[in-house]
Amino acid sequence: MDEDKVKQRQQGRSGETLRQGAAAAWPICLGYLPLGLAMGVLAQQAGMPAWLTGLMSIFLFAGSAQFIGVAMIDAGASMAAIVATTFVVNLRHALMGSALAVHLRGVNRWFLTLFAYGITDETFAVNMARFRSGNWDRWRALVLNHLSNSAWVLSTVAGAMAGQFIPKGAFGIDYALTAMFICLLVFQLHNRLLVLTGLLSAAIATAWYLLIPGNSYIVGASICGATLGFYIKRAKGRRQ
Numbered sequence: 586m587d588e589d590k591v592k593q594r595q596q597g598r599s600g601e602t603l604r605q606g607a608a609a610a611w612p613i614c615l616g617y618l619p620l621g622l623a624m625g626v627l628a629q630q631a632g633m634p635a636w637l638t639g640l641m642s643i644f645l646f647a648g649s650a651q652f653i654g655v656a657m658i659d660a661g662a663s664m665a666a667i668v669a670t671t672f673v674v675n676l677r678h679a680l681m682g683s684a685l686a687v688h689l690r691g692v693n694r695w696f697l698t699l700f701a702y703g704i705t706d707e708t709f710a711v712n713m714a715r716f717r718s719g720n721w722d723r724w725r726a727l728v729l730n731h732l733s734n735s736a737w738v739l740s741t742v743a744g745a746m747a748g749q750f751i752p753k754g755a756f757g758i759d760y761a762l763t764a765m766f767i768c769l770l771v772f773q774l775h776n777r778l779l780v781l782t783g784l785l786s787a788a789i790a791t792a793w794y795l796l797i798p799g800n801s802y803i804v805g806a807s808i809c810g811a812t813l814g815f816y817i818k819r820a821k822g823r824r825q
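If you count by the working numbering, then the sequence shown holds residues 586 to 825, one letter each, in order.
Note that these hints are calculated values from the structure, not bench results. It should be emphasised that the depicted structure is a prediction, and the values quoted were computed from it without experimental measurement. Quick reminder that beta carbons are idealized off the backbone N, C-alpha and C, glycines included.
Cβ-Cβ distance ranges computed for the label pairs, FRET-style:
#1 Arg717 with Glu601: 17 to 23 Å
#2 Pro798 with Leu774: 29 to 35 Å
#3 Asp659 with Leu779: 34 to 40 Å
Let the sequences and hints guide you as you build the complete structure.
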């Protein structure tokens, strides 16, 4: 009887973990639907079949890098240039992973590998907010990551299959990713310090883009903006 009760409790906890992870993931999944469809459509119009789009989503799983990669494929860029560009664009994942690592201390490497695979801008933002508010653990975060991943893969494949019926440039598809990042930024601006940090990061990114060739401005502006925000916050705390 005792063993049965323990099993029932474990099953109940597992079910609760799945429910809470899914509840946190569904807005991301809903947001991924139009973006994934847009990515799939652009991939199909760049000459990529649906199966290759699906593999790209599975092995890369990074919306911005996939949009950039598809655009470069469509423009006839070399493989080396595509790999180098997507690598630089995705370096921000190292920053996101280091921030989440604070909440994943003592976790084995296999779990960390599986968890890290599912980190995106959206899952990072939601998981960080949930970890900070409490009542959140690595298993709920893992569910959120991989439900979001599944939604992205399925929506990109669906978009690739439907792409042949949609004319190029229709419905503002090429602006979808930019719109998503603007929304993510706005939802993060909870106080004046965050607004100031966002403005500084935008100014640095613009100057970096104009002065330094390549796509390093994304990572450079992220690091510089976060660093400036940290020092501004510390200086403000000292004055108080």
